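> Chain by chain, the residues:
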Amino acid sequence: MWDYTDKVKEHFSHPRNVGLIEEPDGVGEVGSLACGDALKLTFKLDDDGRIADVKFQTFGCASAIASSSALTEIIKGMTLDEAEKVTNKDIAEYLGGLPEQKMHCSVMGREALEAAIRNYRTGQTGTRELEGKVVCTCFGVTDSEIERIVRDNNLSSVEDVTNYCKAGGGCGGCREEIAKIISAVRGEPIEVEQPQPQPKRITNIQRINLIEETIEREIRPRLRQDGGDIELVDVEGNRVLVSFRKACAQCPAAPFTMKEIVEAPLRQFVSQDIVVEEVKP
Amino acid sequence: MRNVYLDNNATTMVAPEVRDAMAPFFEELWGNPSSIHTFGGQVKQYVDEARAGVAALIGADPSEIVFTGCGSESDNMALRGAVEAAGGYPHIITTRVEHPAVMTVCRYLGDRGSKLTELRVDSEGRLDLDELQDSIGSDTDIISIMWANNETGVIFPVEEIAEIVKQAGCVMHTDAVQMVGKMPVDVKETSVDLLSLSGHKLHAPKGVGALYVRKGTKVNPLILGGHQEGGKRAGTENVPYIVGLGRACELAAENMEEERVRVKAMRDRLEEGILASCPDVHVNGDRDNRLPNTLNVGFEFIEGEAILLMLDEVGIAASSGSACTSGSLEPSHVMRAMGVPFTAAHGSIRFSLSRYNTDDDVSHTLEHLPRIVNRLRELSPFVKD
Chain U
1 MWDYTDKVKE HFSHPRNVGL IEEPDGVGEV GSLACGDALK LTFKLDDDGR
51 IADVKFQTFG CASAIASSSA LTEIIKGMTL DEAEKVTNKD IAEYLGGLPE
101 QKMHCSVMGR EALEAAIRNY RTGQTGTREL EGKVVCTCFG VTDSEIERIV
151 RDNNLSSVED VTNYCKAGGG CGGCREEIAK IISAVRGEPI EVEQPQPQPK
201 RITNIQRINL IEETIEREIR PRLRQDGGDI ELVDVEGNRV LVSFRKACAQ
251 CPAAPFTMKE IVEAPLRQFV SQDIVVEEVK P
Chain Y
1 MRNVYLDNNA TTMVAPEVRD AMAPFFEELW GNPSSIHTFG GQVKQYVDEA
51 RAGVAALIGA DPSEIVFTGC GSESDNMALR GAVEAAGGYP HIITTRVEHP
101 AVMTVCRYLG DRGSKLTELR VDSEGRLDLD ELQDSIGSDT DIISIMWANN
151 ETGVIFPVEE IAEIVKQAGC VMHTDAVQMV GKMPVDVKET SVDLLSLSGH
201 KLHAPKGVGA LYVRKGTKVN PLILGGHQEG GKRAGTENVP YIVGLGRACE
251 LAAENMEEER VRVKAMRDRL EEGILASCPD VHVNGDRDNR LPNTLNVGFE
301 FIEGEAILLM LDEVGIAASS GSACTSGSLE PSHVMRAMGV PFTAAHGSIR
351 FSLSRYNTDD DVSHTLEHLP RIVNRLRELS PFVKD
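Residue numbers (the numbering used here), protein chains in the order written: chain U, 1 to 281; chain Y, 1 to 385.
Keep in mind the hints are simulated off the structure, nothing from the lab. Just so you know, these numbers come straight off a predicted model, no measurement behind them. We put the beta carbon where it would ideally sit given N, CA and C, even for glycine. Keep in mind that a hint or two might mislead.
With a straight-line Cα cutoff of 16 angstroms, these simulated EDC-like cross-link-like pairs (lysine to aspartate or glutamate) come out [said to hold, decoys possible]:
(1) K180(U) - E147(U)
(2) K55(U) - D25(U)
(3) K9(U) - D312(Y)
(4) K85(U) - E114(U)
(5) K9(U) - E313(Y)
(6) K55(U) - E378(Y)
(7) K166(Y) - D134(Y)
(8) K218(Y) - E84(Y)
(9) K115(Y) - D130(Y)
Below, a sample of chain Y positions facing chain U; criterion: calculated Cβ distance under 10 angstroms [said to hold, decoys possible]:
(10) G304
(11) E305
(12) L309
(13) A345
(14) L379
(15) S380
(16) V383
Build the full structure now, drawing on both the sequences and the hints.
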């Protein structure tokens, strides 16, 4: 049972500002169904440039819904310059705190707000821009995001980072890299536990055979169900290059397919550090 | 507030008859059954009676029952004890949908040198017995396949599997924690060598379980330091709980028909009611081979923890394979093994009933659930008008 504050429970049971604004000034969308939480934020400004109305739609757990509701209450009436300074900590504090493992819900709120402000200012689509280099491929979290979260929340361990932004919470292959980022931000060394057993040593030929077997047994049947297919193009170290065929080639859900249906089984059955990349034929 | 408990695969209410049977062992009969004096020694007969009660429920001989502290201990003892008795690190075959008490132990043994095969399941949660047959090699020693799945209630054909295992000359363990007490189990009719069961899943208290060890099957003890349980599990017997488990097994045998008829009828009404009143839902798991008390439903576009908390507000207790409820970031390994897309796995809810549920409980749930699902879908960015 999660130890939610009364304020979290109250905002979950009676969320404020639910819905979508027609013809909004800014739209921000973060997360996805696959990740387990997602937030769509829309706002409208008044003549003084203040947020006159803001609405949200959230897919997620109680703390995700409460964090979204809190965010809308916090930023209502703010100018965009003021809203821009709102951090995930402000959202968590507004709710009287969140369980550590749920802090990523407050980060999602801040990210949606940033995306919506960027959308207003630049007209770019309101989805989150990936800044920097992707560190956690399971949840698509970059080094600059991790740096910011460590700095904003004064985090000191890899577990903290996972709680706040999910990075490192999937296959765990990036935990060492996350520790390096924390060390760099804090200017002190961080020890990282390696819960994953060391992969057994296999030759390159065995590795390629194992990848082919896994594609044949685990991946291809599922793609064929939807009229698609996949081809193994090359293997370079831990990079597996594939090309989608038939229905998969034009499928808008291809990034999801790549992560869930292609990369996950290869990591499970071949090696935790595999990164799959699509090459266009 | 009304309390509707639909989480019986997690734990069950202690039956009043079980509680009553245990009480004397906290009051006057608190001696040590190993003692030579009458005060202690007289307690031994009650442990023996309890052993007979457990054995009768699964068709075993009382000498084949080892009392343990819980189902997880039974699983640990079966696997680690059998591996140690076999010597070296034999090839182990299991499935991808086992309870962590089996899966974690198998992977632990795998890390230490055992070759480990985890059999796949299809989208309905079913095994392919040909794959099992093909996986068995000359180095295979132990096969551990659960009888019924805790999340979906899917029942594996353990009798048929045990026959394949016997032909191959391997040791067959089954985690029957969810099966025993809900469906008939008769070890005389199968070639299962080791079978785990747990007290608190069948209306005994938490803190007691048992392992069935077929005569002649070699299993080393996990706990050394005493002659108790025929030297298979040291430690002074937890007499009150053992007595409770024995009584619970007797009651389970008496109520088996009810579980399979009345409980199933309630479960089916709940299932039909949900499918009729909520769009975009599906049942997870093979509906034809399933425990009579279990229903696992996936609600699209909404998240499990949010559903559970809203159910909790109206007094309904259920559970979810959603990532958020456990604090992990990925949904249950069972849903993933079945290939349930992440999008639907996050919204999966398990309802599990017992003979203490009533038709009113089902009505109460059906009255509130559609409203809750609608409410959360109004909040969801993925629902299009």
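> Would you pick out the hints that fail for this structure and give their numbers low to high?
When the structure is compared with the hints, only number 9 turns out to be violated.
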